[in-house]
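Asks: With our numbering as the guide, the letters of the sequence shown map in order to residues 94 to 376.
It should be emphasised that the hints constitute simulated quantities derived from the structure, not laboratory data.
Note that the coordinates shown come from a computational prediction; the quantities given were computed from them, not determined experimentally.
Among these hints, one or two may not hold up.
[What the hints assert, rightly or not] Restraint-style ranges between C-beta atoms, simulated for each label pair:
(1) 214 to 118: 47 to 53 Å
(2) 311 to 373: 16 to 22 Å
(3) 171 to 269: 23 to 29 Å
(4) 235 to 257: 39 to 45 Å
(5) 234 to 261: 25 to 31 Å
(6) 346 to 152: 31 to 37 Å
[Claimed, not checked] Below are the DSBU-like pairs computed for lysine-lysine, each with C-alpha atoms no more than 35 Å apart in a straight line:
(7) 373 to 104
(8) 342 to 305
(9) 360 to 199
(10) 305 to 146
We put the CB at the ideal spot given by N, CA and C, even for glycine.
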Amino acid sequence: MSNTQILIFSKDRTLQLNSLIQSLLYFSDVLEDDISVLFKSNKEISYEMLMDKYKCTFQEEKSFLNDVKNIVQSNQKKYCMFLVDDFIVRDYFSILLMESILGSNKDITTFSLRLGNNIEDGTPPLFINQPNSVLTWKTNKSYGKSWNYIWELSSSMYKSTFIMDYLDKCDPQYVNFPNPLESYYYGCTPSQYVTKNRFLRKLKFLGKAEPKGMASFTVSKGFTQGVNLVANRNLDYKDLYSPESLHEKFIEGYGIDYLSLSNVVNKKPNAGTDHFKLIKYET
Numbered sequence: 094m095s096n097t098q099i100l101i102f103s104k105d106r107t108l109q110l111n112s113l114i115q116s117l118l119y120f121s122d123v124l125e126d127d128i129s130v131l132f133k134s135n136k137e138i139s140y141e142m143l144m145d146k147y148k149c150t151f152q153e154e155k156s157f158l159n160d161v162k163n164i165v166q167s168n169q170k171k172y173c174m175f176l177v178d179d180f181i182v183r184d185y186f187s188i189l190l191m192e193s194i195l196g197s198n199k200d201i202t203t204f205s206l207r208l209g210n211n212i213e214d215g216t217p218p219l220f221i222n223q224p225n226s227v228l229t230w231k232t233n234k235s236y237g238k239s240w241n242y243i244w245e246l247s248s249s250m251y252k253s254t255f256i257m258d259y260l261d262k263c264d265p266q267y268v269n270f271p272n273p274l275e276s277y278y279y280g281c282t283p284s285q286y287v288t289k290n291r292f293l294r295k296l297k298f299l300g301k302a303e304p305k306g307m308a309s310f311t312v313s314k315g316f317t318q319g320v321n322l323v324a325n326r327n328l329d330y331k332d333l334y335s336p337e338s339l340h341e342k343f344i345e346g347y348g349i350d351y352l353s354l355s356n357v358v359n360k361k362p363n364a365g366t367d368h369f370k371l372i373k374y375e376t
């Protein structure tokens with residue numbers, strides 16, 4: 094049994110959430126009982142079918158930041174992995190191995206499923222090859238952004254104490270959905286990710302320790318598939334599918350064909366609409 098809680102953020106994406114859970118259970122040693130889903134939905138999209146199908150803990154969002162705190166605290170697991178509902182797992186991995194990496198190396202802050210040496214983003218890190226096809230590295234301002242993005246919610250694992258320390262710094266008026274929960278970190282914690290006002294930030298965080306250690310598998314184990322936008326981010330963005338149309342497909346028994354993704358070598362953590370394919374799931 095693992096010592097990791099899986100916390101999935103979901104909004105109006107029943108088909109993607111179902112596909113994520115199925116791919117996660119198929120490709121890893123994660124158990125349904127270890128999965129918590131914090132969800133938000135409109136009147137046209139119900140999560141009842143998923144709640145009836147899985148032994149996961151489903152919690153409807155009421156007060157976002159408090160909900161996240163309560164879920165992490167109440168579970169009492171040593172580690173927590175965040176996932177978003179449009180992430181899909183495409184290859185086998187062991188949650189127990191990820192725990193051992195975080196537990197045996199105090200300098201490693203996060204273990205990411207979305208990164209690997211297949212990802213192309215600026216200058217790559219000086220990887221240290223570890224046993225069991227694991228890479229580790231330290232963030233550096235000369236690297237591409239993905240290699241310095243130490244706090245992220247799509248597919249990364251942390252110690253629960255690290256998460257709670259950060260959550261206690263968050264402003265509940267600002268951190269009210271997953272996107273600002275991610276971005277707020279870089280305004281209150283020293284990081285190599287931020288490139289603007291670096292001197293002022295250095296003064297702001299003078300004397301504060303900066304988490305730098307990151308880990309991933311040699312090849313990423315999954316990616317996000319941005320086929321629709323559910324967060325209100327004022328972006329010029331055209332959906333491939335609306336959340337409502339995918340919900341109808343979910344009711345009809347369709348899901349993402351995650352088994353066909355095993356040989357895909359993506360170059361970006363977000364594969365976008367590439368490789369997005371629906372099939373009828375067996376009942």
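Asks: Please name the hints from earlier in the document that this structure breaks, with their numbers sorted from lowest to highest.
Replies: 1, 2, 4, 6, 8 and 10
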